[in-house]
Each structure stands twice: as C-alpha cells, then as structure tokens.
Amino acid sequence: KQEVTQIPAALSVPEGENLVLNCSFTDSAIYNLQWFRQDPGKGLTSLLLIQSSQREQTSGRLNASLDKSSGRSTLYIAASQPGDSATYLCAGQTGANNLFFGTGTRLTVIP
Amino acid sequence: KAGVTQTPRYLIKTRGQQVTLSCSPISGHRSVSWYQQTPGQGLQFLFEYFSETQRNKGNFPGRFSGRQFSNSRSEMNVSTLELGDSALYLCASSLKSEQFFGPGTRLTVL
Numbered sequence: 017k018q019e020v021t022q023i024p025a026a027l028s029v030p031e032g033e034n035l036v037l038n039c040s041f042t043d044s045a046i047y048n049l050q051w052f053r054q055d056p057g058k059g060l061t062s063l064l065l066i067q068s069s070q071r072e073q074t075s076g077r078l079n080a081s082l083d084k085s086s087g088r089s090t091l092y093i094a095a096s097q098p099g100d101s102a103t104y105l106c107a108g109q110t111g112a113n114n115l116f117f118g119t120g121t122r123l124t125v126i127p
Numbered sequence: 107k108a109g110v111t112q113t114p115r116y117l118i119k120t121r122g123q124q125v126t127l128s129c130s131p132i133s134g135h136r137s138v139s140w141y142q143q144t145p146g147q148g149l150q151f152l153f154e155y156f157s158e159t160q161r162n163k164g165n166f167p168g169r170f171s172g173r174q175f176s177n178s179r180s181e182m183n184v185s186t187l188e189l190g191d192s193a194l195y196l197c198a199s200s201l202k203s204e205q206f207f208g209p210g211t212r213l214t215v216l
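Residue numbers (the working numbering), protein chains in the order written: chain A, 17 to 127; chain B, 107 to 216.
For the record, the hints were derived by calculation from the structure and aren't laboratory data. Please read all numbers here as calculations on a predicted model, not as lab measurements. Be aware that a few hints might be false.
As the list claims (entries may be wrong) - In silico BS3-like cross-links for lysine-lysine, where the CA-CA straight-line distance does not exceed 25 Å:
#1 Lys202(B) to Lys107(B)
#2 Lys17(A) to Lys107(B)
#3 Lys58(A) to Lys107(B)
#4 Lys119(B) to Lys58(A)
#5 Lys107(B) to Lys84(A)
The following block holds chain A by itself, in its conformation from the complex (with noise of 0.2 Å):
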C-alpha cells in the first residue's frame, strides 16, 4: 500500500521567507506527483504537476521537483506571502487514475 508523508506537519514563517516543503512514498514507482493547496473548508486548488518524463516544474514563485528514485518531491516557494498560507498537499499517481494523498503540511505566512 502507497503511503505518503509530509514533512513538517506544519510550518509558520515571516513573509518573504523561501521555505520547502518535502513528501515522501513508500513505493517509489510513482507514475506522476500533482502539487495542491487547500483552503479551509475548500476543495483542492492545482499548482503544479510533474509527469512521468519529468523532474521539476515551475510556475510563478513555485517550483516542485521529483526523484523517482529515492521516492521525494519536494515544493520550493519564493518570496513567500500572507495570501500562501494554506494546507499543501503532494500526490501521487502509480498508473491507475487515483491519487495518493499525503497528510498535508499546513503554512502560515506571517505579515
């Protein structure tokens, strides 16, 4: 069974800070890895997909990036601001069209 974890659990930092956000699997045959954000009480918001020929992708102030290998992702924000706190989440696809959640890291961006 696919288990994901999410490293730290939660995480506050002052606005403009660069900070990382790390996910692990148990199984490193990850087909895909799908970034989210989660408001409170909301659904999931896509920031960025890495696919199987991939390593990283970037948009705006994110940047995640994977290694198959040792079955990590990580999720770079730039510049980080009040508007980015949220809950992140990591997923991963092995094939089949499901996703495998992590347990979520939830920032806050101090003003």
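Model the placement of chain B on the given structure of chain A, informed by the hints.
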C-alpha cells in the same frame, strides 16, 4: 471554462438515511474521481468513472456507490449512513493526468 461543480454544498442527514451527491466535470473531461476527506484519515480515494464505467475503486464498503452518465456527470450514493461518514466529499475531473477538484460537499451525519 467552468470548473468542477458539486451539489449540494452542504448536507445534514441522520444515521440510517441515504444520500446522493452530484458532480459536474469540466467540459470535455471524461474521467471523474471521488474522494473522502476526514480529519482522521485525510484524503482517501473512493472510485473513478470513465465513459460511464467504474474504472478504479478504493477500499470502501459497498454502501458507497457511484455512477456516471453519458454527459460525464457523476453521482455518488451512500446508503445506511453512519456517523463516521461525516466528511468533505470531493470530486475531481481529468482529461489526461492532471486532476481538477470541485469545492466539495460537506456531509454531516447526526
């Protein structure tokens, strides 16, 4: 392009009742997946439908079922509700690999 929509947004039911939730995918998306989110278990996959056929199924009891219509809209049904079914139910649609989620239906079972 409109996003994934889910109705209703909130539901309150009592134990033993049944409930039906609806999901309309992004236009052109043929795959619809359902997930349950609870504080204790996090996000768990329920099932996926593609072209009106269940293609994948998670580890949930038979009380949880679903279907997909020819226009790709999907419904999920939970029968004989239990207190532990209280959760945020999310559906996601996809064209290829990337999944796009709706706002969810918050189900409370009393």
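> Hint by hint, which ones does this structure get wrong, listed from lowest number up?
Replying inline: Hints 2 and 5 not satisfied by this model.
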